Every structure is written in C-alpha cells, then in structure tokens.
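Participant: Residues per chain, in single letters:
Protein chains: 4
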Amino acid sequence: MTVRIGVIGVGMIGQDHVRRITTVLSGADVVAVSDVDVERAKEVAGRVSARVHAAGQDVILDDAVDAVLVASWGGTHEEYVLAALAADKPVFCEKPLATTQEACLRILDAEVAAGHRLVQVGYMRRYDAAYRALKEVVGSGAIGAPLLMHCTHRNPSVPGYYESDSAITDTAVHEIDMVRWLFDEEIVATSVLQPRRSRHGGTLQDPIVVLLELSSGILVDVEVSVNIRYGYDIRGEVVGEDGTAALGEASPVTVRRGGGVSTRVPADWRERFIRAYDVELQEWVDAVRTGGQFGPSAWDGYAAAVVSDAALEARHTGTRTLVELATKPALYSI
Amino acid sequence: MTVRIGVIGVGMIGQDHVRRITTVLSGADVVAVSDVDVERAKEVAGRVSARVHAAGQDVILDDAVDAVLVASWGGTHEEYVLAALAADKPVFCEKPLATTQEACLRILDAEVAAGHRLVQVGYMRRYDAAYRALKEVVGSGAIGAPLLMHCTHRNPSVPGYYESDSAITDTAVHEIDMVRWLFDEEIVATSVLQPRRSRHGGTLQDPIVVLLELSSGILVDVEVSVNIRYGYDIRGEVVGEDGTAALGEASPVTVRRGGGVSTRVPADWRERFIRAYDVELQEWVDAVRTGGQFGPSAWDGYAAAVVSDAALEARHTGTRTLVELATKPALYSI
Amino acid sequence: MTVRIGVIGVGMIGQDHVRRITTVLSGADVVAVSDVDVERAKEVAGRVSARVHAAGQDVILDDAVDAVLVASWGGTHEEYVLAALAADKPVFCEKPLATTQEACLRILDAEVAAGHRLVQVGYMRRYDAAYRALKEVVGSGAIGAPLLMHCTHRNPSVPGYYESDSAITDTAVHEIDMVRWLFDEEIVATSVLQPRRSRHGGTLQDPIVVLLELSSGILVDVEVSVNIRYGYDIRGEVVGEDGTAALGEASPVTVRRGGGVSTRVPADWRERFIRAYDVELQEWVDAVRTGGQFGPSAWDGYAAAVVSDAALEARHTGTRTLVELATKPALYSI
Amino acid sequence: MTVRIGVIGVGMIGQDHVRRITTVLSGADVVAVSDVDVERAKEVAGRVSARVHAAGQDVILDDAVDAVLVASWGGTHEEYVLAALAADKPVFCEKPLATTQEACLRILDAEVAAGHRLVQVGYMRRYDAAYRALKEVVGSGAIGAPLLMHCTHRNPSVPGYYESDSAITDTAVHEIDMVRWLFDEEIVATSVLQPRRSRHGGTLQDPIVVLLELSSGILVDVEVSVNIRYGYDIRGEVVGEDGTAALGEASPVTVRRGGGVSTRVPADWRERFIRAYDVELQEWVDAVRTGGQFGPSAWDGYAAAVVSDAALEARHTGTRTLVELATKPALYSI
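Chains as they are written, first to last, in our numbering: chain A, 648 to 981; chain Z, 648 to 981; chain U, 648 to 981; chain W, 648 to 981.
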C-alpha cells in the first residue's frame, strides 16, 4: 500500500517534503496540495501530478488523501491539525504544533477525545543517527546515571528578521525537545544567561546560554550562538556518574594542509540534518502504513511551547522561571 | 513512473536488495523473482507480491520487468547479463561481473554491439559519502597532484571457506575498483607482500599488502587484514604534493569511560556501507527512470578482473606483475 | 650562578619540588630545609645534602639561601611570605597565598612597601603548554573577541576530607586563576549551580557548575565533577565571535581494539600537569637568576581568594554574588 | 655530582646541546669546547665559561672532562669516539656513529676490547613520549603479536644539498633505528618503491616508500615525503593480531574557524622532538652520574649503517636486498 499524502503549505519546507516523498522515500505519494499562494500550489502540484485544492481543509477532506502533512505558516497549524483530527486522519505537523500553549491544549483535548494518536510534530533530531546512538549509550547505563548535559547550538548567521527571542523559540527549542526525549523527563525550570554580545549580531543578544533543569535534577546548559561564522555546529555531551557520552565529530574527510589537520563543519542545518528529515518522514509513512507508533506527540509539542514560554520569561525578567505543565493525559503516557 | 525490477537470485544479498527496493528506495518495485532454490524464490516473492519464474531467463524476458538485478552465484552472472543485453534491458549485476576475463570480454563485446550502456556492476564504494567527499577534495587540487595512497581493509573475521586468494578476489578487489574510480586511471602493475601471519588465520596468509601502480605513477598500498577482531575498518589516505586527504572517522558518539576516550568501529561491512548500498541502487533506479548515466560499467568489471588476476599471479610468483588490458572500447570512454 | 633555594615544608608537595629542583631543573640547588616534622626534614635534607633548620624563619634568614619556596600548610603561608619580603628574598608560595582575604592584603601591602615584586604564587596552569597555546590563539584574534568559555574540571575521585566547599576552594580555584590570566580581566560576579548528585559522592554536592562573569561580559561556566571515575579530565573551549579554540586532546597513543578506537585520559593531576610544574619552577629559577619577571603575583593570589569567597557565598545563598576587589596597586599593573 | 661535559663541534646541533646542558638539564655543565672553526668555539665557550681546545682530542684528554659529546661533522665521528674509548670516557655521539660500516665495526671492536659500554648514539626517537607509550602498548600484548607497521615521515621541505639518497640516509634512518628498538628485532631485508614524483622536489625521487622486513616477519612500510609543504608529520601505526596502536595526534589546541575544525601539525623536527632531545640527554647525563645503562649503542649505530646501505642498494638496483650483519658481540646482548 502506498500512503497518499496531502500537503498543506508548499513554501520552502513544504516543497522539500514534497521532493522527499516523491524522490527519496519508499511507500508514499503526494496526491493533493494547497497553499495560500495558489500559483505556487499549482506549480508544485504539477511537478508531481498531484491535484490542487483551494484550501487546506479541502486537502484534509479529500477522500484520496490518507494522511496530511502541515507545512504552512505556524499561525495556521492549530486549525489544520484540529481538522485532521476531526477527519480522523494522521497528521504530520511541522514545528511549532501551535503558536500558543492554549492552542496546543485544544489540540491535546481533541486528540484525547479521538481516543488514539494521530498527530506527530516535526522534531527531527530524534531521528538523527548520532542523537539516537547517544540515547542508546545513555540508556545502556554505560556512563551511570546522567547528571549534566552540555549543548552547543551554533549557526553561522541568521536572517534579518531573527530577534533575540528567536534564540529561544526557533533555536533552543530543538534542544528543549531533544533533552525531554533523550532523558525521558520533563523540564521543571529554566534560566537564561546573557553574556557579552558578538559584534556580528548588531542589537541581538547573541550568544545566550539557556539552562534547563529536569525533574530528576539533571542540569542542561545550552549555548546558542547564531552568528558564529565558522559553520553550523551542533554538539552535546551527557555527563554521567561514571563517564560521559557526546555526539561524535562526523566529518567524511580529514585534510592535512597548510600547517594543520582539519575536518569540515556542516555549512547549515540542511547539511547536518538532511538524513534525519528523511528518516523522520519515512518512519512516519511506515507508521501510517502499518498502524505503528508515531513519533513526537502533541504533548511533546505542548511541552516545548510551555518551556519555551518560560525561557522567554526567564530572559526578560533575568530570573529562574518554573515550568508549569497541565496534567498529562494517559494517551501520552505509553 | 515506477521501475519494475526483476531479481535473479534471492540469497542473502538478493533478499537485501528486495528489502531495499520495497521499503527504502523511491520509485521502484520488485515484480518478478527467480532463484535456484524455488521454495526460497516463492517465499521472498510472496512477501512483496511479485511473481516467481522458474529461470532467470524468464525474469529477463518478462514484459512486466523494466530492469534486471542479478544477485545469483557469480558463475551465472555472464549468462544473465548477456541475456539482459540481448533483451535490451538495463541490468544491475552484483560483483563480480563474471568469473573470468574472457567472460567479461564477451559482455563488453555484447554491450558494444548494443551500442549503448545497459550494464552496471555493484561496486558500492563509489556511492559512499566519505569516498565521494575524498574524491571531491582530491579533484579540487587542494592537496596537489596525488602521489601515493595508503589503504587498510580490515575484517574482524572471515568464514571458513575464505582462502588466501580471497584476500585479493573478494576483499582487495574493492580497493582495486575504488582507486581506478578515485584517480580515473588504470592500474598498470601490482605486487603482493606477505608478512608474518596472524594466529587467528590458521593456514591463511593474513595479512597481506597489495601494491597497485597506476598509469601516472601513483602508488597504492592496501593492507588486507581479515581476522583482526576489533572491527571492520576501512581507511584510506591520499598523499599529494601539498598535503593529504583521508577518509574521516565517523563515529556517532564519543564515550569517556574507564580511563579512555573512545569511539566505535563498525562491526561489519553492512554497518559501514549500508547507506552506500541504498544510494547505489537509488541512483541506478533513477538512471533507469530518467535515462541517466549508469555507474560502474562492464569495463570497470573487466578491469577489476584483470587486475585481480594479476595480483593473484603476483602473490603466487612473488614478483611484480604487469596488468595487460584489452583496448578500451569508445563506449566506455565518455 | 646557581640559585640556592630554601624549602619550607617538605610534605608531599615540598618533596616533589625538592626532587624537581635537584634532578630535573637547571641552575638551582636546595641548600636548606625545614618542616614541622623535624625527622622528615632531616630525611629529605640528607638526600640532597642540604642543612636543616628548626624553623621556616631560619631558612629565610640563612645567608646561603637566595630564594625561598613555601610548601608548608596553608595556614602558615602568610607568616613565611611576609618574612621573605622582610628579608627581601624572592619567594615562591604554593597556593593558596594565604587563607583569608585580609592576610592576602597584608602581603600586598608588604610587597608594595618593598617596592618591587618578590612573590610568586603556585598557579601552574599558566605554564601548561596547552593553556599557553590556547592563550596565544585567543590573543591572536583568530576567533574574534571572546564571549564565552566552557570548562570541565573532572577528578576520578577525591579523598575523604574533601567537602562540598572544596569543589570551589581546591578545585575550581584553578579555573578562577586561569581565566583571569587567559583573558587578562577580573572576575566581577559568580553563581553556583547544583545539579543532581552523583551516587559516588555520598553527601557531597557533586557535580557543581560555577559561573564566572568577567569585566567585559565574558561568561565562563566550569563543570566540577570530582568522582567521575574515568580519569582526570581538564578541558576548556573559548567561544569567540568568529570561532572557538579549545584545549586539545593530547594522548600519546591511539588504540584500536575490541570494537573501538580509544585514547587515554590522564589518571590524575600529576600525569596531566607534571610538565607544567617543571616549567613553572624552571621559569621562576630563571627569573631569580636573571632578575626577570615573576609569574602569578600576590595580587593574583588575593584575587583568587576574593572570587573563591564569593563563590562560596553564591553556593550557600543560591544567588549570584558580586566580587568586590580592593584597588589594585600600581606595582601589579605592569 | 655535576657531570662535566666536553663538546666537540659547536655548529647548529652542538650549540643546541650546549644550550640544553646549561639551561635545561639538571646535573651537567659544559667545561670544554672545540670546533674546526676556532672563533666559533671561542664564542660559544665564552657564553658558558668553558675553556676552548684547539682539537677534539684535547677535549677528550682534558682531565676536567668527565664525558664527551660529539657533534662535529659525520666524517670525524669515528676518530673522536675511538679516542674517547681509549680514554675510557663516556661518549655521546650524534648520528651517524660513523660514515661506513667498516668504521662502525672498528668502534665495536674497540668498545668490546674496553669491556664495558661507553658509547651512546643520538637516536632521539627512543626518548619521545609518544614512541615510548607506543612501545609500552605493543609490549603489553594488548594488540596481540605485531604483524605490520605503517610509518610516515614527512618534511615540509629540504635544503638544496639534500639528494635522493638522503631520503634513506638522513630521513628513513630514524625509522630504521626506531623499529629495531620498538620490536627488539633486527631488520633482515629491505626494498624501496619509487612512486610518481612531487613537482616540489625537482629531480629528487620524492616521495619514496621504504619496506623493512624484520626477523620475525613483521613488515614495515615507511613513506618518506620531504617536500610536502603542510608540516612535519611523523606517524606510525603498529598492526597486531587483535588490533592496532598508533602514535597519537598531539595538538595543544583545536580551533573551529572558517568552516572547519583544525589542529596544528608541527612546523619542523625541532618543534616535534624538542622534548625527546631534552630527555635523551638528561637520561645520558643521569646514566653517566649514576653508572646507569646507556641508550642506543654502537651496535645500534652499526646496524643502522648496514640497513641504510642495503636500502641504498635496493633503491639503485630496484630489488629486494638482504641485510647482512656481523655477529653481535655479547656486550650488546643484554
């Protein structure tokens, strides 16, 4: 069986998913497309022989659509995810799940009412081979109980619309989801440190350090540097009682030249995580096909929103801020 | 368009390709299968809803088959490849192309007579991301003209039927193809050095060092150690006039524990090259679909056979042996 | 000219310096020794043909003594350093300079009154080749202005008398001095984070994270883990505007064995810093011989004491604590 | 007791040893100096308050001289070493021990006649911390019995007088001594491979690969590249039955900048081996002082000369050449 996917939103990310589904992945096709820019929708649909719908809702209701991929503007996510839930169709929603905690809670309520998981949120790091290997080592007990984690999230540069708060909402949010998954614990408090600023950031507060405290007491520090020029560099080291485990340096080639030995750093997130995106969507397609388990849930999307809001407050007030989550529905406890 | 593939031979390698085509790759299906073991053919075909043919020839002649994948016993490759050429169907043939130089030449003749490329031989290293990055660095001129290359090809252990000659025909043959591709030159002479033997090899001559001389004078040394216990370790360093470029150490996780910092070595060739196999076959499928360029040619299969024979002679006689190739048909010069 | 050194205190550290002076370094001899344990003093003196004095003061006043090395218990440092200043003799004082800020200030006053530098405090990291190379890279501007630094200070285990406060006063104090030297700035505030505890530490708060804020806004985080079992691991990465520079991994041998590639971590501080101790004392001897510049000053010893006290307060109160230094005398501004 | 050393030859190497003895090492002084250039001898002697002799023989016969260091032109080594033996004084002779096998044999005869070891030859790699750690790992059995070793000896450039043969006599000779020491075996045969030449070498055969066969069958390949521009790079990997052990990459700093992660390669042999020279001479001084065991012997110097001659013949004839050593006197068997 081939999974027939309807894609809502075919901007940069949406088009990349269409390419992935039609030329990289096994077992899926794009059969319907919509976009706020109808001409763009037509152009993309034409390439893959899909039909065009005027509205995202029509994509969802199309009988030929087995599953929905939402890659439209964040402000529209809630509406489409709720509609997919109403139609009882699996929906893959790019992050964020929704733009407010309240909207996330409405989605949780709807999915709980549906009685089974239909929503997956696009946190792709969980599908990265290095993070998976890290989780396996930590889970094996080889380094003892985890106590600390040091993360760096470095971008060579950011676009003009990027704001100081974006370092939390767009950037550190990946680590927020990742540590919840890696340690299988909720984040209970957060603080933000604001060191000397890079001259490359203009008025941006860049870098920042986000501290995340987990329920068992594990402390995570996340350096976010978004104008560091040299490359896109994602690192993480878990410190346990008996040792540490860190993401490896995976450079395909080592060059000796001009006085040094060097390896490459990825240029951007695409280069670093392209395989994680492929695996993420392949596993989602496989889960749709076989009735298997979905990945990051609406609960995960909600928790990321709450922690992110707390980190924003911590940044603005300069104080440690508690994370207050709603009660977790049983649907998400398995 | 989906490429409909007929698979001849569904032993371990053939089954792995069936799995790959049906659950990993985009744009291809397995529609027909044959195997010397009919029950096995039925079992594999049943899993993927393909039909079973009594003979490989029937697979090739099946109108529903767009392209043929040969994964049967090496001794049968010539017959099936020639039949595919006769049927004017693209054929992917696992290595070796054929078991003798003469058989390879007959395939070359047939393909030249056909007037266009139809054959691809399964040398998957050309599709490995690290080797491709290495080729790119060498080709960029960053290290100057290449002068030397040091390779290691290490296996933790080998099966009981593995013989001293297998170190050349089954193992070093991968480096033989790889260096021809990496430097885009033919090998003109070869020698084999036979050092002290490992106690793990019994009567095997293990390790050996194979020396390959390329037409421009580049010298390649290949250490083949097939009982080295610690893992499957493929390395390569190209020494140029201005520097060197080497395959990187790509371990997903670095662990600090018990007095040391360590990274993992792959356990076997599957772990090391699994992605290369996926990319190899995806690019072949894409080439079939789009009429694009095929990968390693019948000429490459022939040249590997000739060099391999020369290395066997070098090993048995203990002397440097020249490699004598037939004239290269124009079909393979592009 | 050979520098004739009198050593006060020949416990473990003192004896190691006697060994160093007599068998490793050039241009110095141990001519006099004292210790609270007279028998021990006699034993050590006998080995190197030095005379024994009943009291440290006698060592200082001995006309045959050109320079004094104080390696006695910390509580006695002030008295001996003041006596050396009174005698106008160069004095190398193991850390701490004195046990209270007030005592440090009395030493500063005395040295300022003397009008020239005579005191060097034993902060040996400044003499480590890796730290020196790091300072050179940072100073070269290659990574732009420094913004952050991440440090780890890990011990495999600590003795029974080690307390939670020791993580600051005995352990992090090395980073406190090092960052002041590396960036040539004072520390202006400090905080202490106390994550989940290691089971190996009993009632110890282990690990802790010490945050140090420098006058230009550079933020330093120091992980102190003192029961981490796997080895003694000192790391540091400076994050600049254009890149980062980190202490290298300097393992003499890389081993491939049992599924992994591994390098050694030093077993303890002796193994890691033995050369730094040699260089530290050789450069001090050379400075005494040639009238050259001394290393870490009494001001550095004082500043370390003040920051250390602030960090203790930060740990006990759980709040960010300001560092309040006295006015820096001109003597130390060069 | 301070060892009073007489230095014969104060060119670049000799002056460096004078500096080392007087400002780095413990327990030694330079008391007498000679040089073919008398003005240079006076200048160097003046710096360290040593006396000047007109001839090397006078240095050796000077009653104030306890031990002799020969750093004059290679052609004079035999004469001075024989004279030191005649005077029954310990003599440290820079490599080569002598310029012909016959001269080496005359020295062996004289030392055997003396009945005890007095000669040490300046093979400093045996004193390098990385090589020592490598020998320890190999000796521990951790990688099983050694079967192969891969070495690279790379220089960024060489002076104008360097000839194709120098790659053996000046460069690979270090590996010749090193592997004899590392494996405690003699070399029994050698071959030389001559690949494509670097454009930087002009008419030089550069690079070459020297193959060394040890008595147990261990095979060593040594790449010698002497114009490789990027740095001075000495590497070595021993391949055993169960794993491998290699010299580590010991860079003090790792820099992330401009798209890459890089470490430094030493600029030249001084930077790479400066500590080995210090340790070599300190241990020699200590052996003189305490009557301890000397390092590389006249036998080692002789064996290096014989292997080096065989490698020259192998290069000129293009054939594998046997190494024929005289019978080893019992004096050198301990």
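Calculated directly from the structure, the hints in this document are not laboratory data.
Quick caveat: nothing in here was measured; it's all calculated off a predicted structure.
Each hint should be verified, as a subset may be incorrect.
Any copy, or any two copies together, can satisfy a pair, since identical chains are not distinguished.
[Said to hold, decoys possible] With a straight-line Cα cutoff of 25 angstroms, these simulated SDA-like cross-link-like pairs (lysine to any residue) come out:
{"hint": "1", "residue 1": "Lys736", "residue 2": "Gly864"}
{"hint": "2", "residue 1": "Lys782", "residue 2": "Gly906"}
{"hint": "3", "residue 1": "Lys782", "residue 2": "Ile921"}
{"hint": "4", "residue 1": "Lys782", "residue 2": "Glu690"}
Participant: Given identical chains, is Lys782 near Gly906, meaning Cα to Cα at most 25 angstroms, within a copy, between copies, both, or neither?
Facilitator: between (37 angstroms within a copy, 19 angstroms between copies)
Participant: When no copy is specified for Lys782 and Glu690, does a C-alpha distance of 25 angstroms or less occur within a copy, between copies, both, or neither?
Facilitator: neither (41 angstroms within a copy, 36 angstroms between copies)
Participant: Between copies, within a copy, both or neither: which fits Lys782 and Ile921 at Cα up to 25 angstroms?
Facilitator: both (20 angstroms within a copy, 21 angstroms between copies)
Participant: Since the copies are identical, ignore which copy is meant and state whether Lys736 and Gly864 lie within 25 angstroms (CA to CA) inside a copy, between copies, both or neither.
Facilitator: neither (38 angstroms within a copy, 52 angstroms between copies)
Comparing the model with each numbered hint stated earlier shows that hints 1, 4 do not hold.
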